[in-house]
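Protein chains in written order, with our numbering: chain F, 12 to 270; chain G, 5 to 329; chain V, 1112 to 1425; chain L, 472 to 802.
Careful, some of the hints might be misleading.
[Unchecked claim] Straight-line alpha carbon distances no greater than 30 Å define the calculated DSSO-like cross-link-like pairs of lysine-lysine that follow: (1) K14(G) <-> K622(L); (2) K63(G) <-> K1275(V); (3) K287(G) <-> K63(G); (4) K790(L) <-> K1238(V); (5) K110(F) <-> K588(L).
Just so you know, the hints here were simulated from the structure itself, not pulled from any lab data.
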Amino acid sequence: MNPETYLLIKLTFGVLATIGLYSVLYKETKLYRFFEHVFLGLAAGFSIVFLWRETLFPLWWEKMVGQIDEQSGALVQPAYWAYIVFLPIGLMAYTVFSKKNGWMSRVPIGVILGLWAGQQVQVWWQTYGGQIAGTMQPVIPTGLAGPAGTFQWTKPGNTGLTPEQIADFNTKIWPSQAVNNLIFVITVLAALSYFLFSFELKGKAMIGFNKLGRWLLMIGFGAIFGSTVMARFALVIDRMSFVFVEWVQSIQAVFNRGA
Amino acid sequence: MTPQKSIWEKLQEIDRRILYLILAIAVTVPLWIPAKLPVIPDSTSMDLYGQLMSVPEDKTVFVQSDWTVSTRGESQGHLEALLRILMARRIKFVIYAAADPQAPQVFRNVILGLNQEREARGLPPYRQWEDYIDLGAFLNAEGTLNSIGQDVRKLFGPRRSADTEGRERPVLESPVLSRVQKIGDAGLYVVVTASATIDVAVQRISGKTKLAAMTTGVVFPSVLPFYQSGQVVGAAGGLKGVYDMEFLMANGVNVVSPTGKVEAQFPAKAELTAPPLTEIEPKTVTFARGQRYFLSFHAAIVLLIIAVVVGNIGMYKMRKNRRGA
Amino acid sequence: MIPLAQAPPITFWGVQPGSGEMWVKIVVALVVCLLIMFGLTFLPNAGRKAVVWGFTFAGGLFYVLLWIVPTPINRGPSDLPRPGEEFGFWLQDALPHIVNSANILTAFLLGLGIYSLLRVHLGRIAKRQPDREFSAILLVCMVVMAGFGYADWIMRRFGEGREKLELMQNWTPVQYAFDLMFDGLLQQMDAAMFSMIAFFILSAAYRAFRIRSVESTVLMASALILMLSLLGALVALWNGGVDAMAVALNLPNASVDLKEAHFLNNFKLNEVANWVRSFLQVPALRALEFGVGLGALAMGLRLWLGLEKGGISA
Amino acid sequence: MQWLDTGWFGIVITLVMVTFILSNIYRADKGKKELFIRRIPGLNAIDDAIGRATEMGRPVIMVPGIGSLNAVSVQALNVFAHVTKTAAQFSTPIKLCVADAAVYTVAQEVIRDVYQKQGMIERYDVDSVRFVSDRQFAFAAGVSGTILREKAAATFLLGEFFAESLIFAETANSVGAIQVAGSTQTSQTPFFIAACDYVLIGDEFYAASAYLSRVPVLVGSLVGQDWCKLLIATGILLGFATNSLERSQETSVGRVPLAVAAPEKWTAMTEETKSVFEAAEDEIPLDKPRLRKRNETSVFRLFNPLVREADLRVERPQKPPAPPAATGGAQ
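Bound-form chain F, shown alone (with noise of 0.2 Å):
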């Protein structure tokens, strides 16, 4: 099939499943109704392919009965035969709607529940050490030797200055720097003390701290908010940009061709 005309076929198909689930933005109709069943369906299709594609194949199968490389012949990987205990295991969640045997569902789900429990030990550490030793920013000017990206008022990237000419300058805004310093660590304990739930809070003092915790957070939540908004809106622009340029210009490339 000529490359320009299967494209103009299939941005058609993606224009017309634009419009078809845009429409729920007026009204829920049977037009949104009929392409979110389409799309529920082909989602579900690809599920069940991908499902073995992507994961039982690769990771359970392969696995179970080995690898051996097509040119040479050589062993790439053994088969670990035990890995069919899989199956069984899996295989017992599907009792969940018997009345007598259905307690067994709960065997696969304990499993995964369990792995999934074990890995939350084994990582607590590696995932928040760092950030609790992060928090512990000194009150003093860290200027520009501060850990990769974070902490930096300047940065040397884009400045075209040397590096003598950063120290001069870092020495002149160190105020600045060390308040900054104190205001991260203020923040997290501010929000901190909004997370503890079981402690009644008396003091106008600790009352105080806990609302600042909370504003703190909300200012924390409004810049992820702003910040998000450019991904966004690039996705919906496209769309736009999709349906009204790109689709009219395919239509334009096939006809020009046949004229």
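Place chains G, V and L on chain F using the hints.
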């Protein structure tokens, strides 16, 4: 006297569908307005442009494209900007996906579009085998990038492609790849991605060759530490990154002025100079998708801010009325 | 799987691929497991809980041991364990096999999800409920997608000339059909749904960003600062103004060439946004993360040790 | 010297945390006294929301996010069990939309259990718990369709949500549903705050089951978590103080990273080992004293134990050389 609803009160109860319509119009209309907004490119973008413009002409650039339709809004602009620069400089490149089997279809469409554009401008198209090699997809980013780092010829060896006369030959014999012995021979290794494949690339490839990244706005913050540590030599992030690249393509960065003095156009590294793309190939498109989208983006944000302001004024007025009543 | 790495040796647990020994072992293991399963159906109520908990505990124990047992220092690929290191070595070797087990088990469970879909939609068709035509569409799409998906996979993986299929000119109708459904429809629908969020951002911001309380005001303020800092044109103008002011005020270090080095830089829009991000957002959310991490740790412990009461293990 | 990857400090602190949690669970289980939990407004709203759904005769829709089966989804299902219990008493219809087959299995069982325990198994509809799709945006499309068609009176969005959070929240808002939402995903909480009536922030989500059920084990665990938070806060304050002090002092001893001290050893290491020995350094005297750097403080050393080049010298017996490849054959 029946209480007359003021305009502000009506705005308070505005149907959300009207808001949606306004947004749709606000982002669509600017797509046809050719405004070139001023911008100060990020230093990451300036470095990326500088790196791309200084790739020696006899080197092949490796492009790893790991994005699909759902993040087209940002990633397609990145890939287009990247390929425009390479095509204008007649730099050969090899392109492939390291993680997603669906990614090749998307970058093929981009190349197809760029070639159509070049033909329309009377420029020679970029041809498979001669000018670039499309390798399709490799599965499993971890394994692929490891092999690329260790022995790129072994990984690419089995792939075949039609040469200019239509014969199927191993891609390693092509003009694009015949001079690549190891990954260090690459002029630049650019990862265009919407996912964490850039982390894998940094682990496996940085240090072996120059690595650059073009990522979506969501992934971009995780690239910055690599940029600061020098593992990534340049990076473009999000929609702003697309516009940065296009802006730099049109204006260059710190070009030498006719007087011979380096003009700091943007606060950039003094040693980083690269001319605008149009000086190399006059008919090149520089402003494209990023420019169109950037104005729409501004319109959307301005609309959002207006909506918030109007909402607040309305609330204030209503409160005042209620208090007055 | 890292290519070029030396293949692991043939052992009792890892046998020669395709050999008779492999199939015998697989079949025997399967039969034993099924027999155990059959035996479990006779288990009295009291024992059931213990069995489930036993499996849960075993699952968690591996990672806990991995965490607490010393990791062998600087282990080379051909090292044998010194006395006392055997267990540490064994754990390290077992890790790659355990890592994916949760994924494999979850994958086996997908059938239940598909069963739920079939149940709901076939039921709707059988009971002649409204919207049954849409249910039929769903089922047809599912079957067609799965069919072409497998056909495509088999051709690309095992078929003759599979390397060629990477290039579009060599495609067969199967590739076209799969690509049309996957890339032309499914992915486009993903993108369409994803992009709809922008509309919802607008309506949510319109309703929520009000100067109603301190909380909503600070939320709005920080969101606005961040949004403004994304507007390239505005930032360029604002920062240019700041530079001009620095020059006009004749501040130390202010010069046109080195636009960064003066105190007013702190009021550049992108710097203010960065400051909010680095010194308010990062620490506030870090504190939140500490809490969430502890919550997950506590919940993990309760699940692992069978202490969770209420909900699933009640 | 074998716990090089985390250092003894990490192990000890984690053990202390585990002890805090477990001992408080034990204490609460044995104790008689009702322990205090502060008010969490989002959870008080649950009953009101169901009450309203009952009045309006419209269903309650629950979504446990798109995460896989882990504590977050289990916790969401715990809260949903509570919701279902209340809804069952008023015979308000419920819908639970799930995006993961494993979560679906658990949800099916939990919900049936609730009806069974309430003695209302006849009100239980197997299809009220349904698997929608495991693909993020197909799930979003399906759930929004359901919310709109069923005209949900109340929605509970608790669990791991990603970009789709706002699609659910705004769709439900458009049909006038009361919404209680909560996610441990910090990136999505702001969208919930903007669009929903009640939001559980961060840890409040994990506190929910203790708050709703007041089961001693759960409350005790919550108290243990609070102890851990106090420990972290104290640690941060101490580290902050010592760091400030030490960083303003001068030192005359520097350290060389292992990559510089023993480059051939460094390059021979696997990536994995490298990450373990990143902090490995040897000491050298400096020409002139300077201020301490970040990695020369005692707090830094506590978190990143110092490993010298000598520590890496480990002699182990070697495996016999491998037989030539491709010989195959079972042994």
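Hints and how they fare:
Proposed proximity of K14(G) and K622(L) is supported: the alpha carbons are some 25 Å apart, at most 30 Å. Note on K63(G) and K1275(V): the hinted pairing holds, with a Cα-Cα distance of about 27 Å set against a maximum of 30 Å. The suggested pairing of K287(G) with K63(G) holds, with an alpha-carbon distance near 23 Å, which does not exceed 30 Å. As the CA atoms of K790(L) and K1238(V) are separated by approximately 68 Å, the hinted pair breaks the 30 Å bound.
Taken as a hint, the K110(F) and K588(L) pair is honoured in the structure, with Cα atoms around 15 Å apart against an allowance of 30 Å.
Of the numbered hints stated above, the single one contradicted by the structure is hint 4.
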